[in-house]
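Work from the hints to combine the two standalone chains into their complex.
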Amino acid sequence: MSMLLLEGLLRLPLTERAPAPGEAALAELAAGVGRTARRRLGRSLSIREIDAGSCNGCELEIHALGNAFYDLERFGLRFVASPRHADVLLVTGPVTANMREALERTWRATPDPKWVVALGDCARDGGCFRDSYAVVGGVAAVVPVDLHIPGCPPRPIAILEGLLALLEPPAGGSRQPG
Amino acid sequence: MAGLNDLLGQGRRVERHAPWPRALVDAAMWERVAAEIAEGAWTLLGLWGDTGAVHMALLDEPAGAVGVITLDCPAGRFPSVARHHPPALRLERAAADLFGLQPDGLPDPRPWLDHGRWGVRHPLGDRAPASPDGQAYPFLASEGESLHQIPVGPVHAGIIEPGHFRFTANGETMVRLEERLGYVHKGIEGLMAGAGLDHAVRLAGRTSGDSSVAYALAAARAAEAALAIAPPPRAVWLRALMAELERLANHFGDVGAVCNDAAFALMHAHCGILRERVLRAADACFGHRLMRDRIVPGGVAADLDEAGTREIRALVAEARRHFPALVRLYDGTASLQDRTVGTGTLRPALARLYGAGGHVGRASGRAFDARRALAYPPYDALAFEVPVLQEGDVNARVWIRIREVEQSLSLVEQIVAGLPAGALRVAVTPADEPREGMAVVEAFRGDVLAWLRLAADGTVARCHLRDASWFQWPLLEAVIEGNIVADFPLCNKSFNCSYSGHDL
Ligand code: SF4
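For the protein sequence lines, the chains are Y and B, in the order given. Residue numbers 501 to 678, in our numbering, belong to the letters of the first sequence in order. Residue numbers 353 to 856, in our numbering, belong to the letters of the second sequence in order.
Among the clues, some could well be false.
Taking lysine to any residue pairs in the SDA-like style, the calculated list, with each CA pair at most 25 Å apart, reads [to be verified]:
#1 Y/Lys614 <-> B/Gly510
#2 Y/Lys614 <-> B/Ala482
#3 Y/Lys614 <-> B/Arg586
#4 Y/Lys614 <-> Y/Phe575
#5 Y/Lys614 <-> Y/Phe579
#6 Y/Lys614 <-> Y/Ala531
#7 Y/Lys614 <-> B/Gly505
#8 Y/Lys614 <-> Y/Leu664
Derived by calculation from the structure, the hints in this document are not laboratory data.
Next comes chain B alone, as it looks inside the complex (with noise of 0.2 Å):
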């Protein structure tokens, strides 16, 4: 099998795009490609419009190497991927709501972001007024007898994100889930559109408030790839510090969580705790709990202390006491491996079909990481595991996450420990000609990536972002099945998809 640059040397390449290569294909090539990703030859990692055309972005996951193919659309219009590939789905409907860019052959016109209650269609693209009174939506059919539909949301009863979900049930059993998502969609593509870079970095950390860092880390990354920036050792070290607090809060959060989904509160109580420590020293050593608007382009904006060393080495010995009895009590406690094992399979085929990441691909075989594939700097000076698991039930998605605290620990003491002296900033200077950017960092959840393009005097021209969740949430439909209706928040926790991530 050719590399993705053959492929891409089969297109036109496009000049200053980097890090990776971008290439301008021709129809038939795109549509030869989408029949590529659907046999497994290239993982979709993305697919996003723009003025007058649609790019998809491709990972080679055994080489780690990664490409973009732009297909001009001046007509408006260009073959779907969907069709071949079905995780192409949602993010050809949302190219078309938003540019009105319209897929041929798409299996699900459908709209998808919009609901009718924007009072402009195609937002992006040619815009055109429309009346703001929402339009309804027809959820799939489910034939058969004695089934009956439970609607739940865009509230939910819980403190959570804001989505609908049309259960088909048969008695107990879920015979089909069906997502209805975009209630909180905010328009930050199109927010960023003529943005300083600044303002849209501080966007992009907007954008899942949960993982505030990996965003402004990916669009800081793809700026700055875009004008050939090398932040400062130290920043970069610094900013991946940040990552992995990040990553331990939402594990410590995620794990207790699932728990109390499964009521068994006592681990929720704990990994509160732990959550809470983990906030409350980045708190002390960056001074924002969530660390929002530390990471800028060029480098970061706070600097650890000596006394920010010590509330990080004091928090890692606090999480290394405490840690290992809950994950015993998990372990141990049977009523509550009874909720979780063998609840909500996701095979490792449909897994690696969506280049599935996170916890969700990585608890079903899929082994990708960007820290480990990509190898981004500090990460490619750094000692960790990828844990991998076959099972692809709740049980082995709290278990990744289990082992990815551990390793995130580790990786937070070798920061500390590692941390290089000298500056937290360079100066981000225009490039005086349009420039392209793009990187892919690990959120979390999974694989965040962030395309852009700047205009001559710096300003974002075109900025996408795609949450790892627009690849999860249509697999949590799909491991549902069959399941009991009780299950589902289970299910739904263990994957934890964003909403605004993916809705931006």
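Same shape as in the complex, but just chain Y (with noise of 0.2 Å):
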């Protein structure tokens, strides 16, 4: 184990440059109502993660943000096991009947301020699964969304640039402190 420690030291990291935060993705907070609660909620954010029906595909991406090219923590974003610890729910899937009540009651459980972010394909309108009986829709159709971050699923570079958008100050705004 040392010498891996010590390998891990000596190795420059791989973590890569930080993108930019994504034109759409603050154009579309921009456009929200979002705008107060976004100068309280501040610099760093903590994330409750919910499958609301998704393939798992999007998930594998979600994880690949903790690993070592991506860093998500460095931003100050973390992902926590309570959503009465969250101040953004990231939500992924159709959102499939047999988990719409799921997804109400853990939005409910959220404090205000709060946002939802819809990950994915499936989460904007329901994807390929819309028209199914099983499936309600996008998570629009059961909460209030705040972000879409397309892609089938979004490559982890997509989704750090949508995630960073949330952490700009509104255009001509000041941050306030929490």
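This is the structure we're talking about:
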């Protein structure tokens, strides 16, 4: 183990440069109503992930954000175990009829102010599962959504760009402490 | 013991079903076969509903032969197989939910996928409107002194798929785990009915995201069998390359994740790097990190060029450079071994009874690997070993993955070295008559079965996909007994069953 740790110290880090916040994400957020909330949430966000019916592909790429290349936590973004500790709900999948209530309840358990990010093409409008008897639709069919990150699944870098946009102060506004 | 062909010969052979035979049987024979499965004469490969009929796929393991028997159920009932053979239980509950086919004598008649939320009953059979308000689900009783229950899910603490676990514990020791699944049921088989073949294969690739390649491969192969189409050799080899990259990515991820659940983050970090490298190589070669939609009916939709070949060779070299040190780290860390050795032990007899595939079966003495047992191309032309262990604990399931990583790296090298030149895809034309086909392919977590019936115009009339998880989830309940609550995540990760693949 000591060899591995030593190598880790001597080698250049794998972590890559931060991407700029996504343009589309910034535009969608600017058009939304969350301006005040955004000021209050500041530069560190706790994220609660909810799979509302995904194929698990989106989860794989969310997981990847934690690896050495993307190192999500350096941005002050971290995943938390309880919705009660969360500022952001990151929701994947078409919302299935069988998950609808769980999503609603998780949303209600998350204190205000909060954001909902719908991740993946399914989360936008149900994707290729849209027309099923077992699917309610996209996330916005069940809870209000602030930001969509498209892709099937979105690449980790696209997820990062979207999440970083949440940390940007609203245009013209200043950030206020907690 | 007579072979599977003799058995099927006792029924009425169904034409235009490929590559393995299908036979119509009567209720008496259906029950007799169920009893034979329970005695171990055949392995149950799958059981699924259809319009007015129920099918059962059987495997003759020693002979590597597969067959399907079908029972027409005009009255909507069939003799329960689960009454003789418990591994059929959830499959029958699902067939009852989706098609309204009632298994007579079913030991557990509770609904399974149907949570009372769809607004419709029997969505694939005789549809009937129903209230979407949900049904209460009575969990099985555990009685005794000082027992307490811990309900977990469907929303879990980590970034994992939804499902409900009901633990009953005595102090720290678990006396029962009961799973409730179906939360991510998307109605995939319903969406496939009537869909064009290309679209159906795209849907198959979204059944379990971690097995996008394996599912697309299974569905495409089933359709190609039905239509008697042979994809070009280059496509066949590229498909295997994608499948092995998918296996590598998942095994790296799983080895790290199991260690992470034992709070050994260093392994997780290093395995995460290897996993990311595989996904990046896949992206560089085929244009998608999960290689989604790259396997299509008739062939593949992406080629490997010179740069891609270099990328793959560099990946293999990188993995060979770094993985052995991680294996030594795993093997030499006593605090980690303390958590994985002897934990969550699956007895070989139970693995055999359930026909458990993948690392779950192979860590418990069941040597089945579809690449070897059914030897679909190009695996018949490639050299590889199928590692098998007997211990059946978390440690053994980790070791199976480690050994399979080594095999997959070798397979990737062989494929890149031997990749035939030529076309990537052949045209897929409808047969102007109904056709049926099936395929079994080895995903990273075990065998995926795809069965489909194509209409005369080439659209999908019925497609059934059976994930390896169907036979693994119930075994997780079994291995948990007597373990401490804190070891559940470890056991669960070492299985790594798919929720979405199971719920579809
Ligand atoms: S967007 Fe794609 S990867 Fe994500 S859940 Fe849907 S099908 Fe799966």
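Hints, verified against the model:
no.	hint	verdict
1	Y/Lys614 <-> B/Gly510	19 Å, holds
2	Y/Lys614 <-> B/Ala482	35 Å, violated
3	Y/Lys614 <-> B/Arg586	51 Å, violated
4	Y/Lys614 <-> Y/Phe575	18 Å, holds
5	Y/Lys614 <-> Y/Phe579	14 Å, holds
6	Y/Lys614 <-> Y/Ala531	16 Å, holds
7	Y/Lys614 <-> B/Gly505	22 Å, holds
8	Y/Lys614 <-> Y/Leu664	15 Å, holds
Taken one by one, the earlier hints fail for this structure at numbers 2 and 3, listed in ascending order.
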